[in-house]
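Asks: Residue numbers (numbering that gives the first Met the number 0), protein chains in the order written: chain A, 0 to 507; chain B, 0 to 358.
Watch out, some of these pointers could steer you wrong.
As the list claims (entries may be wrong) - DSBU-like mimics (lysine-lysine), calculated; alpha carbons at most 30 Å apart, straight line:
1. A/482 - A/195
2. A/48 - A/213
3. A/48 - A/156
4. A/55 - B/5
5. A/48 - B/2
6. A/247 - A/270
7. A/213 - B/2
8. A/247 - A/213
9. B/5 - A/213
10. A/270 - A/482
11. A/55 - B/2
12. A/213 - A/195
13. A/247 - A/304
14. A/270 - A/48
15. A/213 - A/156
16. A/195 - A/55
17. A/48 - B/38
18. A/156 - A/55
Unchecked claim - Computed spacing ranges between beta-carbons, pair by pair:
19. B/146 - A/92: 24 to 32 Å
20. B/4 - A/379: 31 to 39 Å
21. B/146 - A/89: 25 to 33 Å
22. B/12 - A/445: 44 to 52 Å
23. A/400 - B/20: 49 to 57 Å
Simulated from the structure, these hints should not be mistaken for laboratory data. As the structure is a prediction and not an experimental result, all values here were calculated from the model. Every residue gets a Cβ at the ideal spot worked out from N, C-alpha and C, and that includes glycine.
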Amino acid sequence: MQDILLSVEGIGKSYPGVRANDDVSFRIGTGEVHALLGENGAGKSTLVKMIYGLVKPDEGRMMLRGQPYAPVEPRAARAAGVAMVFQHFSLFEALNVAENVALGMENPPPMRELAARIRSVSEEYGLPLDPSRMVGDLSAGERQRVEIIRCLLQDPKLLIMDEPTSVLTPQEVGILFRTLRQLSSEGTAILYISHKLEEIRTLCDAATILRRGKVVGSADPRQSTARELAEMMVGAVLTPPERKAAEKGEVVLGVTALNAASPIPFGTSLKEVSFTVARGEVLGIAGVAGNGQDELLLALSGELKSAPDRVRIAGRAAGDLGPAERRRAGLVAAPEDRYGHAAAPDMSLVENAFLTGQIRRNLDRGGFIDWPATRAFADEIIATYDVRTPGNHVAARALSGGNLQKFLIGRELDQSPDVIVINQPTWGVDAAAAAAIRQAILNRAAEGAGVVVISQDLDELLEVSDMFAVLNEGRLTRPRPVKGLTIDEIGLMMGGAHGMEVAHHVEA
Amino acid sequence: MLKLEKRPTPSTFWQYGTPVVAVLLTMVAGGLLFAALGKDPFAVIRTIFWDPVFGEFAFYLRGQLLVKAGPLILIAIGLALGFRAGIWNIGAEGQYIIGAVIGASVGLAAYPTESRWIFPAMILGGAFGGWLWAMIPAILKTRFNTNEILVSLMLVYVAETILAKAATGFLRNPDGAGFPGSRSFSSYKAASNPEIFAGSGLHWGGVAALVTAVLAYILLERHRLGFQIKLAGQAPRAARFHGVNPARLVVFCMGLSGALAGLAGIFEVSGPAGQISIDFNQGYGFTAIIVAFLGRLNPIGIVFAGLLMALTYVGGEMAATNLGLPSAAVQVFQGMLLFFLLGVDVLTNYRIRFFWGMK
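Can you make the complete structure from the sequences, with help from the hints?
Replies: Below, the structure written as structure tokens:
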């Protein structure tokens, strides 16, 4: 039996209108890898923020190594041996690795000594990192290593990791897991937050499952199937999306040697991107964030223009057309950022329905908006895609992420498009809504639309795509049929582990 | 202790309640100011808000209200359309002046011909002048990404210099014995803009203001262009995704607000002001910014806000002459209105929470 490192007893936290955590209790043993599992909005983040001293609980108490534990700020948590790697990194791009690490320390040692310590810790845990490199030049995986090493230098007893694999290639995930197992064998407990069930099943010793702020169960992830865990998490029986094999038709979207400079600061330009999509076909485009996904969406939606023959929609040169004309030509697009790009947050759902529906749904008469027709369109989306909202008049920002995404995807799909381009269709969306969205996309493909899905969720891409390609530093690999593709091959297409395989070979 | 907390949806109550509360707070704070200056606050507030409409001289002052409100409304509507789109034209005063100078030049060039086409030509000239002056910041912004706030504001001072030159030089009345100022439009019938009904204070500028308010309301509520204006202001990336060309929108909004300011200028100079003089402009272009916000950037709201602002002008003048209030105090009073409006405005999107002790 392991010693209890941290016990959480009856913790509760309320925000106006939301009970984020309600009577949450669980225990982590020394050296245990403990998963915190739950959908978006289940209260995982609030819980770990309380453990890390960022948020003060309303009730309940915590014990760390038998002592009452109530950190008033992250500094106190770190002093007690609790460290956290956030999902979003807090690094300065213009400083080097050692300087970034020093910024997070109470009493940083001289630079030279710190660099030596970084090097020794990184070698010890198989996370190669050059302390003198500029953070701006590092990949997402390498940036995460900076954050992890920053934590390890404090010699933590408990390491909290919030969705650490969302920015990693499969090979990098493997390396991270080996590091975490090594830490665990040395007695460091790890609290691992994720909604990726397969990962949790391979890595974790125990799991606590949260739903709507409450603990709904605990499980031994090694003894449970992913399906069982998912159903505990969602509280409902899940059905995997259904595919009707559709006849591949003629090519509806053709992109030829597309080059486009990124309009985004620090963005990635597109280089010689070529692919085609036929009617009834779904092309999945994978890649670690920041490799040109946003730029590709802009170049396809028409927000970023190119020479006319670079993009062809239904056989027609469309590279120089703007978003409105491309819709008219038959292409609809759904950008990743819902609040401010795909939707105007402060506008009502009706106005947001008009935002892209105007052209293909004929929502205006000579420039004058047909509000009754637009309201009917919004109501149609709300009903068809099960959008939970008090009505069509509410502001888009009042909807939860998943509900708004259902609305926005539905808005594009219900325009009888020939080509659909979607970036991150289910990012931040709970499992039930994600399944509904994927099914809706597949239905449109079955009806003869050509679909491009850009996503960082490999499982999702493998589930919905016929063809698979990877965007890496603005270049697109040649699309390959999904059937027969192994996860290792996909990893190599994604750029492998950025030259990291060596590290663990030495150790093994 | 106090804490601001974001509302999930903007409060409808505060959207409409804000101007009312702001006016009341201005009365209270203004009253304190007047009391500190040794005046009876109730008498001053009554002189400003009550007497012009219902007092002894209301028969004359009511007309004055329309005279002042007309240009304020006309300019404010143009500004509001730009503000809605996130395009900050602060230089309406300059566009107003240049509109007046070019419109007046058209009329004076025809002197002494009598033709029914002279006045319409002057109006077109006024709109053109304002548009032209607004195109300078618009094109600099779209071409070189300059800040339209600074450029349009600086151009006000250029316009004032041109106005001084016009009044003392190229538009000076040749029969004026060397005094600065152009020929009088009230004695040149074809080019004058008299009251439509004697004593009403309503001239063609007032009519134009009301018609513009209705058209702008329809544009914003019913037309795609109005939708794009609102969209560009609230979510610029969503606007591009919708298909708005940002540069074209800047040119449109700046041009429209400039043209409306120019119209206000020519109506003013051919009507109430009567001639181009060094200081015929009364800061309407700046006050219209307050009017636009006081009216919630909504054309119908702006009509009421313009009337209210005219009231503080007319009433303020009365208070200055009858009660000996320094005119600077009246300007502070008008400034307070914008201050409280913007302050209370926070409540549309946030609510205040009180709590005890430390967080």
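Asks: In ascending order, which of the hints set out earlier in this document are inconsistent with the structure?
Replies: Hints 8, 14, 17 and 23 not satisfied by this model.
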